[in-house]
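Peer 1: If you want the building blocks of each chain, they are given just below.
2 protein chains.
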Amino acid sequence: MKTQLQQVKPGDIERRSFEIIAEELSAMGRVLPPDQAPVIMRAIHASADFDYAENLYFSPGALETGLQALKEGASIVTDTNMAFSGLSKPALAKLGGRALCFMADEDVAEQARRQGTTRAAVCMEKAAAQKEPLIVAIGNAPTALVRLCELIEEGRMAPRLVIGAPVGFVNVAESKEMLMRSNAPCIVARGRKGGSNIAAALCNALLYLAAGRSL
Amino acid sequence: MKTQLQQVKPGDIERRSFEIIAEELSAMGRVLPPDQAPVIMRAIHASADFDYAENLYFSPGALETGLQALKEGASIVTDTNMAFSGLSKPALAKLGGRALCFMADEDVAEQARRQGTTRAAVCMEKAAAQKEPLIVAIGNAPTALVRLCELIEEGRMAPRLVIGAPVGFVNVAESKEMLMRSNAPCIVARGRKGGSNIAAALCNALLYLAAGRSL
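Each protein sequence line maps, in turn, to chains A and B. Just so we're aligned, residue 1 is where the first sequence starts under our numbering, counting upward by one. Just so we're aligned, residue 1001 is where the second sequence starts under our numbering, counting upward by one.
I should point out that these hints are in silico values taken from the structure, not numbers from a laboratory. Misleading hints may appear alongside valid ones.
[Unchecked claim] Quick list of in silico lysine-lysine cross-link-like pairs, DSS-like style, CA-CA up to 30 Å:
no., chain 1, residue 1, chain 2, residue 2
1, A, Lys-89, B, Lys-1126
2, B, Lys-1009, A, Lys-126
3, A, Lys-89, B, Lys-1089
4, B, Lys-1089, A, Lys-126
5, B, Lys-1126, A, Lys-9
[Said to hold, decoys possible] Partial pick of chain B residues on the chain A-facing surface, computed with a CB cut under 7 Å:
no., residue
6, Gln-1006
7, Asn-1081
8, Met-1082
9, Gly-1086
10, Val-1170
11, Asn-1171
12, Met-1178
From the three backbone atoms N, C-alpha and C, an ideal C-beta is built for every residue, glycine too.
Put together the whole structure using the sequences plus the hints.
Peer 2: As structure tokens, this is what we get:
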């Protein structure tokens, strides 16, 4: 038996995928807020997991603030090289921003060893030392998100937007609760789910919106 | 209200995470085949999605074949730079293999334009031209997996193991069915779910097992 593949041109696969996602959300009776829909749908697109239709939280005004920051050339810091890899660097560069990840930096490894903490947490301190406007996207390490919340609370850092999507079982949901109670504009994948792929997908959705693409 | 974080040392987070996953699988009455358990649990760990306890398929002998290949120094080709980023390069290097991804190669982009196909598909042709023993891990593009299955069927390629975990809505489940009907040893995330994070997690689980770690 031969597998029947749908005849869809490479350039049309993404459009067709979003049509399917929209159809299935509609069949589920789930109506997304129109401004958030492209962002939520891109998380579903990246994971084939419709839980993201329920678990994404947008703090009031976060979407507008984040888009404005990108239009003004804000850079994006990620907590993992995987999320960094998944970011659309051309889309970011066109808006004047750059992608940053400090995880592989030798000074970060050294400081983490000295402090007995994770490299991800130290990366957030390095991010706090940057002079440019930043969006911070966390796709893996709750320790990074906890440290980021502390830096925000201490007034040492004021990211224009935080994407909170660490994944896992230990302190992950808790770190997201900390973020949602902070004053930082944030988009959060509540609960245990998330990941570098989700963090990158959420960033890319914002990048495409900021560049004037609808999806 | 302060968030109560669990006091777990950075080095113990992963161990505690796997304990929680094991506890919840047990509470669900789900007993995993002992040899496959570390691989399945690592996919759950990467996504916090227990669907991977149900959707992972191992072709007969695939796990043993894949582990043997890694012990013999096989290299791993990924279809995305995200999956490449997520691979444990130190673990792979220790066993004598290397991580390969051709997605950013200029000749790949040029050939894809000429053929009207995706870069991911062309990457598989480039993989087929490699002389070393290979494990191929697909975390994103069904077009890559379809092309890989064709190359295998045409006898132009014989990967030691295929990790089939593309994600999405168009031809994704179908591409995995093609793989499962091929003669290639394979580990497959059946259905729509998967991703670069899952492909990398499955590879890393095998790398750790091949190196003698239990998890």
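Peer 1: Does B:Met-1082 hold up as a contact with chain A if the rule is Cβ-Cβ below 7 Å?
Peer 2: With Cβ-Cβ at 5 Å, under 7 Å, it holds.
Peer 1: Does the nearest C-beta of chain A fall within a distance shorter than 7 Å of the C-beta of B:Val-1170?
Peer 2: holds, 5 Å
Peer 1: Against the 30 Å threshold, does the CA-CA distance of A:Lys-89 and B:Lys-1126 hold or violate the hint?
Peer 2: It holds: about 25 Å lies between the C-alpha atoms, which stays within 30 Å.
Peer 1: Hint check: is the beta carbon of B:Asn-1081 less than 7 Å from a beta carbon of chain A?
Peer 2: With a closest approach of 4 Å, the B:Asn-1081 hint holds.
Peer 1: Does B:Asn-1171 pass the interface hint, meaning its C-beta sits closer than 7 Å to a C-beta of chain A?
Peer 2: holds, 5 Å
Peer 1: Take the C-alpha atoms of A:Lys-89 and B:Lys-1089, compute the straight-line distance between them, and say whether it is at most 30 Å.
Peer 2: holds, 23 Å
Peer 1: Between B:Lys-1126 and A:Lys-9, does the CA-CA distance stay at or below 30 Å?
Peer 2: Distance of about 21 Å is within 30 Å: holds.
Peer 1: Quickly compare the C-alpha distance for B:Lys-1089 and A:Lys-126 to 30 Å and report which way the hint goes.
Peer 2: Within the cut-off at roughly 25 Å; holds.
Peer 1: Given B:Met-1178 as an interface hint, is its Cβ closer than 7 Å to any Cβ of chain A?
Peer 2: holds, 5 Å
Peer 1: Has the given pair, B:Lys-1009 with A:Lys-126, been kept, meaning a C-alpha gap of at most 30 Å?
Peer 2: Given pair B:Lys-1009, A:Lys-126 holds - Cα atoms ~22 Å apart, limit 30 Å.
Peer 1: Identify whether the interface hint at B:Gln-1006 stands, where standing means a beta carbon of chain A within less than 7 Å of its own.
Peer 2: Hint on B:Gln-1006: holds, closest Cβ of chain A at ~6 Å, below 7 Å.
Peer 1: Should the interface hint for B:Gly-1086 be scored as holding, given a Cβ-Cβ cut-off of 7 Å against chain A?
Peer 2: At about 5 Å, which falls below the 7 Å cut-off, the nearest Cβ of chain A leaves the hint on B:Gly-1086 intact, so it holds.
In summary, the structure agrees with every hint in the numbered list given earlier.
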